[in-house]
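S.K.: Sequence:
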Amino acid sequence: MLNVRILEMEGTEVEKQYARNVRPVLERHHLLLVTLLIVNASANEALPIFLDKLVPEGVSIILSVTCVLMFGEIIPSAIFTGPNQLRIAAALTPGVKVLMAVVFPIAYPISKLLDWWIGADHDAAQYKRNELKALVTLQRDSEAVRQSFLESQLSSHISSTSSSVLMSPNTLRKQPLLKPEPEPEVEVELEIESPNQRKRRRQQALASGTRLNVDEVTIIHGALDLSCKTVTEVMIPMSEIFMLEIDTKLNHNTMADILASGHSRIPVYETRRSNIVGLLFVKKLIVLDPDDARLIRDLVLRKPILVPPSGSCYSMLNEFQKGRSHIALVTKETELVATCWRNNMPIPPHVAFEGIVTIEDVIEELIQEEIEDESDKYVHDIVDVWNTKSQQSRLQAVASKTFITKKLKMLADRARQRVRNRNQDAQTSIQVTILSGSE
Numbered sequence: 001m002l003n004v005r006i007l008e009m010e011g012t013e014v015e016k017q018y019a020r021n022v023r024p025v026l027e028r029h030h031l032l033l034v035t036l037l038i039v040n041a042s043a044n045e046a047l048p049i050f051l052d053k054l055v056p057e058g059v060s061i062i063l064s065v066t067c068v069l070m071f072g073e074i075i076p077s078a079i080f081t082g083p084n085q086l087r088i089a090a091a092l093t094p095g096v097k098v099l100m101a102v103v104f105p106i107a108y109p110i111s112k113l114l115d116w117w118i119g120a121d122h123d124a125a126q127y128k129r130n131e132l133k134a135l136v137t138l139q140r141d142s143e144a145v146r147q148s149f150l151e152s153q154l155s156s157h158i159s160s161t162s163s164s165v166l167m168s169p170n171t172l173r174k175q176p177l178l179k180p181e182p183e184p185e186v187e188v189e190l191e192i193e194s195p196n197q198r199k200r201r202r203q204q205a206l207a208s209g210t211r212l213n214v215d216e217v218t219i220i221h222g223a224l225d226l227s228c229k230t231v232t233e234v235m236i237p238m239s240e241i242f243m244l245e246i247d248t249k250l251n252h253n254t255m256a257d258i259l260a261s262g263h264s265r266i267p268v269y270e271t272r273r274s275n276i277v278g279l280l281f282v283k284k285l286i287v288l289d290p291d292d293a294r295l296i297r298d299l300v301l302r303k304p305i306l307v308p309p310s311g312s313c314y315s316m317l318n319e320f321q322k323g324r325s326h327i328a329l330v331t332k333e334t335e336l337v338a339t340c341w342r343n344n345m346p347i348p349p350h351v352a353f354e355g356i357v358t359i360e361d362v363i364e365e366l367i368q369e370e371i372e373d374e375s376d377k378y379v380h381d382i383v384d385v386w387n388t389k390s391q392q393s394r395l396q397a398v399a400s401k402t403f404i405t406k407k408l409k410m411l412a413d414r415a416r417q418r419v420r421n422r423n424q425d426a427q428t429s430i431q432v433t434i435l436s437g438s439e
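The sequence shown: position 138 = 138 (the UniProt record's numbering), numbered continuously.
The reader is advised that the hints may include incorrect statements.
[What the hints assert, rightly or not] Straight-line C-alpha distance at most 30 Å; calculated DSS-like pairs for lysine-lysine:
id : residue 1 : residue 2
1  : K229      : K133
2  : K332      : K303
3  : K112      : K128
4  : K283      : K322
5  : K322      : K303
6  : K283      : K249
7  : K332      : K322
8  : K249      : K303
9  : K229      : K97
10 : K229      : K322
11 : K303      : K133
12 : K283      : K303
13 : K284      : K229
14 : K229      : K128
15 : K284      : K322
16 : K112      : K229
17 : K128      : K16
18 : K284      : K249
19 : K284      : K303
20 : K97       : K112
21 : K303      : K112
Worth flagging that the hints you see were computed from the coordinates, not collected in a lab.
Model the full structure from these sequences, guided by the hints.
M.R.: Here it is in structure tokens:
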């Protein structure tokens, strides 16, 4: 029944038509079962009676058993378990409906009794989450894994064989270096196809819908597990979060620290780290001049999403899709924190933030792989150098005097120029409108 439903939803047009014809009969599975068993038992009992009038008794028994076994069991089972079973079942559906109508007075009461006793929906198969994962795994395209394993075995065997042959003392003494001893043939080469043939065969298998590649299987597994994972499992602890105090000056050193953090959004706190007041968007600093040393307090801060530790990753993904923020704070006192933010009140000291969850963390759990941000490599490269105080001060000085100053000033000048151009265009359009009105 499950296969019929799948074909009715996702099959070809012909398969959908066949499934629509068969499904009404299969839905009343107890009535269908009782009808077929009654008709089958009647045929099995009636056949020896008719044959007994035509042939001797012993021959009639042998013929009836042979006919029932061959034409009632073996051949029908072989046909109806083959690739054309749905087409044959759809063709025979009208005849089955006639049989159901003939034996309805007897079959219907028995089927209703079975529905009451066993249940009417026990045949509707429902896969569990782990069973679905196993089913998807069975559809995985394991050809790439097998071929890569064979190629690795072949390359290691060839390298070990060639090195042992070329570097042996006897070979070096007896043979010139330009004419080494012939390498033994490797049988595993016969099992490996050319890259083009393997790629073509894999594309055909994937296009036919019979195989899933490794990434597809991994993402499906991650999607099935996502609702079972809480944000506590994927969050970043607060002890590892780079934060800034609201009265911090955005000077050269602060800009260098922000650049070294590699983050696009930075939590901002007031007085203590548990009193978070909002998020600082790093992209908004592009128009600021580090020489002005403005306070973070003077900037507009965005409020992040609040989520309890027991929240699922799926609910977190839905919140991120709303576009309010790409960062969520994990705390048990979500209502209290939201109330404090609405009333511009400090968060009480007993309220604790356990960590933060970003949209990148949730997507990484979905695809089951790490996402390397373009700034991650830069941070990883300098993290070892950043440990010593002397090198840290040197990097800060270099960054502040060369890269930070030039880059930010250049971008700030561009932004100011755009604002001036817009103002000039607006004034020009107003003057043109006034002149045209006066004329």
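S.K.: All hints are to be evaluated individually against the structure, with a verdict given for each.
M.R.: Here is what the structure says about each hint:
1. Annotation: proposed proximity of K229 to K133 holds, straight-line Cα distance about 16 Å (limit 30 Å).
2. Only pairs whose Cα atoms come within 30 Å are accepted, and K332 paired with K303 is accepted, the gap being roughly 17 Å.
3. For a cut-off of 30 Å, the pair hint linking K112 to K128 stands: about 29 Å separates their Cα positions.
4. Distance hint between K283 and K322 is fulfilled; the C-alpha atoms sit about 21 Å from each other, no more than 30 Å.
5. Taking the CA atoms of K322 and K303, the gap is near 14 Å; set against the 30 Å cutoff, the hint holds.
6. Distance restraint check for K283 and K249: the Cα-Cα separation of roughly 17 Å lies within the 30 Å cut-off, and the hinted pair is therefore satisfied.
7. Of the supplied pair hints, the one linking K332 and K322 holds, its CA atoms being roughly 22 Å apart against a limit of 30 Å.
8. A distance of roughly 21 Å separates the Cα atoms of K249 and K303; the hinted pair therefore holds under the 30 Å criterion.
9. The suggested pairing of K229 with K97 is violated, with an alpha-carbon distance near 49 Å, which exceeds 30 Å.
10. Using a Cα cut-off of 30 Å, the hinted pair K229 and K322 holds, with the two alpha carbons roughly 20 Å apart.
11. For the suggested pair K303 and K133, the alpha carbons sit about 38 Å apart, so the restraint of at most 30 Å is broken.
12. Of the supplied pair hints, the one linking K283 and K303 holds, its CA atoms being roughly 16 Å apart against a limit of 30 Å.
13. Between K284 and K229, the direct Cα distance comes to roughly 34 Å. Violation of the 30 Å bound is thereby established for this hinted pair.
14. Among the hinted pairs, K229 with K128 is consistent with the structure: their alpha-carbon atoms are about 17 Å apart, no more than 30 Å.
15. Distance check on the hinted pair: K284 and K322 sit about 22 Å apart at the alpha-carbon level, within 30 Å; holds.
16. The straight-line distance between the Cα atoms of K112 and K229 is roughly 43 Å, outside the 30 Å bound, and the hint therefore fails.
17. Pair hint K128 plus K16 holds up; C-alpha atoms about 26 Å apart against a cutoff of 30 Å.
18. A threshold of 30 Å between alpha carbons decides the hint, and for K284 with K249 the separation of about 15 Å falls inside it, so the pair holds.
19. Distance restraint check for K284 and K303: the Cα-Cα separation of roughly 15 Å lies within the 30 Å cut-off, and the hinted pair is therefore satisfied.
20. Distance check on the hinted pair: K97 and K112 sit about 18 Å apart at the alpha-carbon level, within 30 Å; holds.
21. Under the criterion of a C-alpha separation no larger than 30 Å, the hint pairing K303 with K112 is inconsistent with the structure, at around 60 Å.
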